[in-house]
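K.L.:
Whenever a hint applies, use it, and build me the whole structure from the sequences.
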Amino acid sequence: MREGVLEDPYAEFFITEVEEAPRAGWPAKEPKSVMRLFPEISANLDAFVMAASGGRGGGGEEFYSASLSSSALPRPTAQQDVVSFERRFSMNKLLVPSFIEKPSRIPKMIFFAGRYCCLLRESSHTRPSFDNSAEEDLREWSGVDALHSKIQESFEIASGAVIQMLFSSTVDFMGHLSSLKTYFLQERSDWVADLLENAEDLLQKPPEKVKIHSLRVLLQSAIARSSAAASDPYHSTISCNFADSLLEDCLQARAKRKTQPTYPSPSASPYKNKPHSPGSLSKAMNCIHFLQLEADLQWPLTLVLDAHVIERFNGIFRLFLRMKTCERMLASLWYTNETLSSFATAYGIKHQLTQFLRQYLFYAAHFVVEPLWSRLIGRVSQTDSVFSITNALNDFFEGVELGLAMASPQRFSSLLRILDICRRFCELGVYSSTTTTPLIEATLHAIEDDFLRTLSELAAPTGADYTQLVPLLTWIDFTGFYARNNIYHVLRGASYTA
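Yeah, the sequence shown ends on 498 if you go by my numbering, and it's all consecutive.
Since the hints were made in silico from the structure, they are not lab data. Hints should not be assumed to be uniformly reliable.
Dumping the calculated DSS-like pairs for lysine-lysine here, alpha-carbon to alpha-carbon at most 25 Å [to be verified]: (1) K324 - K205; (2) K209 - K324; (3) K102 - K150; (4) K324 - K181; (5) K211 - K324.
P.N.:
Right under this line is the structure:
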């Protein structure tokens with residue numbers, strides 16, 4: 001527990017170590033790992049207990065394994081060394097001595113204290129500053145309560161040492177976190193406009209017809225020219241790839257995993273990091289629906305900024321990117337299409353759609369992301385454990401997804417339909433020169449009706465996220481147009497209906 005080394009030749013201890021796991025030098029073999037060494041658990045540690053067959057002592061033993069998390073992680077072949085280390089230790093609950101069995105947090109503290117010591121020993125060649133006299137006292141029996149107190153003290157010291165390492169100038173957790181915000185949350189979005197302009201042709205093609213290397217070059221060039229690059233020493237770690245599924249599918253899969261937790265094998269993971277194939281992505285969708293960022297983060301930073309964190313950052317990034325793409329398309333269409341701009345109805349639709357997108361992005365930045373980010377930084381700055389950092393990050397993402405209407409499948413579906421209406425409107429502009437005037441007018445009225453109906457559904461006063469969306473709905477209807485026409489009414493201070 002205080003050395004990070006397990007010596008148990010007769011398999012009598014309740015913590016076991018996989019013999020073939022690499023013991024040293026593994027970070028150098030896989031510096032680009034975005035795997036987690038420890039499962040970041042806190043809300044319910046027992047959720048990670050499962051039956052493992054074929055283990056020591058026969059099938060059906062209950063093991064608490066550090067390799068298990070709430071969902072399977074991507075595990076490319078090149079990262080098998082990291083996965084092996086991730087699976088290095090496991091805990092057999094049946095072998096926990098009775099005098100530390102209750103409360104259940106005590107054996108888990110021993111488990112994680114040992115892993116933290118192992119992490120420090122192999123990553124930074126250091127050891128937590130344990131009190132030598134207390135270490136001698138730990139070997140002497142002085143009662144259950146005293147033993148539990150000493151175990152908890154050891155866990156807190158080991159956890160604090162890991163926190164110090166993460167916040168050190170060498171690892172610079174806070175600097176990397178700020179960098180992720182700059183690009184994934186588009187804090188400074190001048191590089192986004194640059195990318196959308198220079199990669200416009202590529203982003204309109206299906207992913208299977210685009211070489212991701214071409215987009216990476218354009219992305220990194222845009223970032224290098226941006227205002228953030230000069231003050232961000234980690235801007236070169238940002239790159240991009242194509243997601244294997246649409247954003248809405250990712251959110252649905254995550255919601256299903258949350259309500260029905262499972263422990264699939266790595267090979268069965270729907271998020272396995274594999275190259276996309278022509279049949280794996282919808283040919284009806286272009287690159288903008290699948291483009292996401294990636295960060296070349298190194299161990300031990302990925303202890304907290306792991307694949308799950310990057311996935312949730314990407315959910316927000318992909319939504320913002322699609323909105324800014326729609327806004328750009330609307331502006332470009334209006335200035336280049338003389339036929340469509342001559343219709344008064346078309347001007348009204350363009351104005352409503354543009355206002356919606358701009359107000360949403362303004363609301364997202366000033367009413368959702370910034371307040372929650374300030375709270376996140378405050379909590380992280382005062383943290384005393386790895387679990388606290390994970391909790392703070394999880395609460396941040398939960399709050400952002402709630403505030404951006406991403407937490408409700410029905411409301412998020414309405415939001416995506418509005419983006420699809422933007423696409424339909426822009427497509428009409430493309431073919432307007434070869435379409436008859438009556439057909440254009442009929443199509444415009446249909447698009448406007450669809451938008452107003454979908455906006456009404458988005459603004460429905462139902463769900464736990466409604467009160468959070470009141471500022472957004474107020475901003476969108478700042479002139480009172482939608483209220484006067486009974487499209488929707490903002491219910492301030494009203495309790496929501498589940």
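K.L.:
For every hint, state whether the structure bears it out.
P.N.:
Hints, verified against the model:
1. Restraint check for K324 and K205: satisfied, since their Cα atoms lie roughly 18 Å apart, inside the 25 Å limit.
2. With a C-alpha separation of about 23 Å, the suggested pair K209 and K324 falls inside the 25 Å cut-off, and the hint holds.
3. Pair hint K102 plus K150 holds up; C-alpha atoms about 15 Å apart against a cutoff of 25 Å.
4. As the CA atoms of K324 and K181 are separated by approximately 17 Å, the hinted pair is consistent with the 25 Å bound.
5. Proximity of K211 to K324 is assessed by CA-CA distance (about 23 Å); at most 25 Å being required, the pair is judged to hold.
Of the hints listed earlier, there is not a single one the structure fails to meet.
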